[in-house]
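**Q** Residues per chain, in single letters:
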Amino acid sequence: ILNVEQSPQSLHVQEGDSTNFTCSFPSSNFYALHWYRWETAKSPEALFVMTLNGDEKKKGRISATLNTKEGYSYLYIKGSQPEDSATYLCAPRAGNQFYFGTGTSLTVIP
Amino acid sequence: DVKVTQSSRYLVKRTGEKVFLECVQDMDHENMFWYRQDPGLGLRLIYFSYDVKMKEKGDIPEGYSVSREKKERFSLILESASTNQTSMYLCASSLIWAGGTDTQYFGPGTRLTVL
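Chains R and D supply the protein sequences, listed in that same order.
Going by our numbering, the residue at position 35 of the first sequence is 35; the numbering climbs one at a time, nothing skipped.
Going by our numbering, the residue at position 17 of the second sequence is 17; the numbering climbs one at a time, nothing skipped.
Watch out, some of these pointers could steer you wrong.
What the hints assert, rightly or not - Straight-line alpha carbon distances no greater than 20 Å define the calculated SDA-like cross-link-like pairs of lysine to any residue that follow:
| no. | chain 1 | residue 1 | chain 2 | residue 2 |
| --- | --- | --- | --- | --- |
| 1 | D | Lys13 | D | Thr83 |
| 2 | R | Lys69 | D | Thr101 |
| 3 | D | Lys3 | R | Ala41 |
| 4 | R | Lys69 | R | Ala41 |
| 5 | D | Lys3 | R | Asn29 |
| 6 | D | Lys3 | R | Ser43 |
| 7 | R | Lys59 | D | Thr103 |
| 8 | D | Lys18 | D | Thr101 |
| 9 | R | Lys42 | D | Gln6 |
| 10 | R | Lys42 | D | Lys3 |
| 11 | D | Lys57 | R | Lys69 |
| 12 | R | Lys42 | D | Glu30 |
| 13 | D | Lys57 | D | Lys13 |
| 14 | R | Lys42 | D | Ser65 |
| 15 | D | Lys57 | R | Ser43 |
| 16 | D | Lys13 | D | Glu69 |
| 17 | R | Lys42 | D | Arg44 |
| 18 | R | Lys69 | R | Thr51 |
As the list claims (entries may be wrong) - To spell it out: a stretch of chain D is covered by chain R in this simulated footprint if at least three of its residues, at any positions, have a beta carbon under 8 Å from a beta carbon of chain R; those stretches are:
| no. | stretch |
| --- | --- |
| 19 | 39 to 48 |
| 20 | 103 to 115 |
Said to hold, decoys possible - With the Cβ distance kept under 8 Å, some of the chain R side facing chain D (calculated, not the full set):
| no. | residue |
| --- | --- |
| 21 | Val4 |
| 22 | Tyr31 |
| 23 | Ala32 |
| 24 | Ser43 |
| 25 | Pro44 |
| 26 | Ala46 |
| 27 | Val49 |
| 28 | Gln97 |
| 29 | Phe98 |
| 30 | Thr102 |
| 31 | Gly103 |
Derived by calculation from the structure, the hints in this document are not laboratory data.
Every residue gets a Cβ at the ideal spot worked out from N, C-alpha and C, and that includes glycine.
Kindly generate the complete structure, drawing on both the sequences and the hints.
**A** Have a look at this one:
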């Protein structure tokens with residue numbers, strides 16, 4: 001079992017604020033790092049997958065970076081909107097399994 | 001779009017009952033997964049399958065079994081349901097091992113309550 005930590009556990013921000021959260025994981029036996037967004041009453045949806053140290057991915061106002069040597073990834077949201085409210089899960093792929101963190105719950109207040 | 005469906009959104013069962021949770025995907029994915037999600041814990045892998053009739057134990061297989069007779073269908077079986085199996089169960093599928101970059105597509109989840 002891989003120990004994956006996400007911080008903070010929850011976050012409340014005002015609409016328009018930028019925010020970021022962290023995913024930490026053991027760097028050994030690492031293949032890829034996945035980020036998912038899970039909105040209430042919906043299925044988790046894939047945001048990004050990254051494999052290489054220094055990788056950066058961007059989708060609209062959301063971006064992510066990866067440091068495989070030290071075992072962490074950051075997710076950034078620029079100018080948060082109420083529709084960004086969700087739980088953000090990271091999942092390193094190691095061996096033949098995904099290992100999910102407990103997630104960061106983001107609430108964007110209008 | 002990939003679609004993963006689960007047989008029930010909500011299910012209430014009694015202790016000792018045999019429970020079947022069904023998952024179907026329509027995109028010809030090789031890999032299928034069953035997770036449970038509990039408050040304060042991440043998604044935990046129960047079982048996964050990378051081919052028809054193939055299965056691998058995940059991190060918490062005790063009390064569960066699975067069946068994959070057809071590529072599109074992956075069933076989770078609780079042989080004798082217990083109250084500590086009350087949870088949200090999520091099914092997922094992914095295309096094929098691709099160096100770890102295979103994206104998982106999730107179903108809507110089944111919230112199971114065992115009384």
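**Q** Given Pro44/R as an interface hint, is the shortest Cβ-Cβ distance to chain D below 8 Å?
**A** Cβ of Pro44/R sits 5 Å from chain D, so the hint holds.
**Q** Is the straight-line distance between the alpha-carbon of Lys42/R and that of Arg44/D 20 Å or less?
**A** With Cα atoms ~18 Å apart, Lys42/R and Arg44/D stay inside 20 Å; holds.
**Q** If you draw a straight line from the CA of Lys42/R to the CA of Ser65/D, is it 20 Å or shorter?
**A** violated, 26 Å
**Q** Is the hinted pair Lys57/D and Lys13/D satisfied, with a Cα-Cα distance of at most 20 Å?
**A** violated, 24 Å
**Q** Test coverage of the stretch 39 to 48 of chain D by chain R using CB-CB distances below 8 Å; three residues minimum.
**A** holds (count 7)
**Q** Given the proposed pairing of Lys69/R with Thr51/R, does the C-alpha separation stay at or below 20 Å?
**A** Cα-Cα ~12 Å, so holds.
**Q** Given a cut of 8 Å on the nearest C-beta pair, is the interface hint for Thr102/R held or broken against chain D?
**A** OK, holds: Thr102/R within 8 Å of chain D, min 5 Å.
**Q** For the pair we were handed, Lys42/R and Glu30/D, check the Cα-Cα distance against 20 Å.
**A** violated, 23 Å
**Q** Holds or violated: is there a CB of chain D closer than 8 Å to the CB of Gln97/R?
**A** holds, 6 Å
**Q** Please verify whether Lys3/D and Ala41/R have alpha carbons no more than 20 Å apart.
**A** holds, 16 Å
**Q** Need the status of pair Lys42/R, Gln6/D: alpha-carbon distance at most 20 Å?
**A** holds, 13 Å
**Q** For the pair supplied as a hint, Lys57/D and Lys69/R, is the alpha-carbon distance within the 20 Å limit?
**A** violated, 29 Å
Consistency with the previously given hints fails for numbers 4, 5, 8, 11, 12, 13, 14, 15, 16, ordered from lowest to highest.
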